[in-house]
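Starting from the given sequences, assemble the full structure and let the hints guide the process.
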Amino acid sequence: MFRIGLFLVIICTAASLAGIVAGMVLGQPILTLLSAFAVILFMWVGFMLKAIQQRNQGHD
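Start counting the sequence shown at 2; every next residue gets the next number (the numbering used here).
Keep in mind the hints are simulated off the structure, nothing from the lab. As the structure is a prediction and not an experimental result, all values here were calculated from the model. Hints should not be assumed to be uniformly reliable.
What follows is a list of derived Cβ distance ranges for each label pair [to be verified]:
| hint | residue 1 | residue 2 | range |
| --- | --- | --- | --- |
| 1 | 27 | 56 | 21 to 27 Å |
| 2 | 12 | 34 | 29 to 35 Å |
| 3 | 6 | 38 | 17 to 23 Å |
| 4 | 52 | 16 | 20 to 26 Å |
| 5 | 53 | 16 | 20 to 26 Å |
| 6 | 57 | 31 | 34 to 40 Å |
| 7 | 8 | 56 | 16 to 22 Å |
| 8 | 45 | 4 | 14 to 20 Å |
| 9 | 19 | 45 | 18 to 24 Å |
| 10 | 37 | 8 | 19 to 25 Å |
| 11 | 29 | 60 | 15 to 21 Å |
| 12 | 54 | 30 | 34 to 40 Å |
Ideal Cβ placement from N, Cα and C applies to all residues, glycine included.
Structure representation (structure tokens):
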């Protein structure tokens, strides 16, 4: 469960990083800004999933 979630978060973070580059290349600052916020959001979700996974492993 958590591995699939982390994998999806990694894919979404990579896509958001590509969005930042595309926004810079195309000269679209709103795309760059939205992609930067998405990177922050996906990284936060990834850290939360990892913390929940580690907490659950500690109770086993």
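Going down the list of hints, with the structure as the test:
{"no.": "1", "hint": "27 - 56: 21 to 27 Å", "in the structure": "violated (42 Å)"}
{"no.": "2", "hint": "12 - 34: 29 to 35 Å", "in the structure": "violated (21 Å)"}
{"no.": "3", "hint": "6 - 38: 17 to 23 Å", "in the structure": "holds (20 Å)"}
{"no.": "4", "hint": "52 - 16: 20 to 26 Å", "in the structure": "holds (23 Å)"}
{"no.": "5", "hint": "53 - 16: 20 to 26 Å", "in the structure": "holds (23 Å)"}
{"no.": "6", "hint": "57 - 31: 34 to 40 Å", "in the structure": "holds (39 Å)"}
{"no.": "7", "hint": "8 - 56: 16 to 22 Å", "in the structure": "holds (20 Å)"}
{"no.": "8", "hint": "45 - 4: 14 to 20 Å", "in the structure": "holds (19 Å)"}
{"no.": "9", "hint": "19 - 45: 18 to 24 Å", "in the structure": "holds (19 Å)"}
{"no.": "10", "hint": "37 - 8: 19 to 25 Å", "in the structure": "holds (22 Å)"}
{"no.": "11", "hint": "29 - 60: 15 to 21 Å", "in the structure": "violated (46 Å)"}
{"no.": "12", "hint": "54 - 30: 34 to 40 Å", "in the structure": "holds (36 Å)"}
Hint violations for this structure: numbers 1, 2, 11, all remaining hints satisfied.
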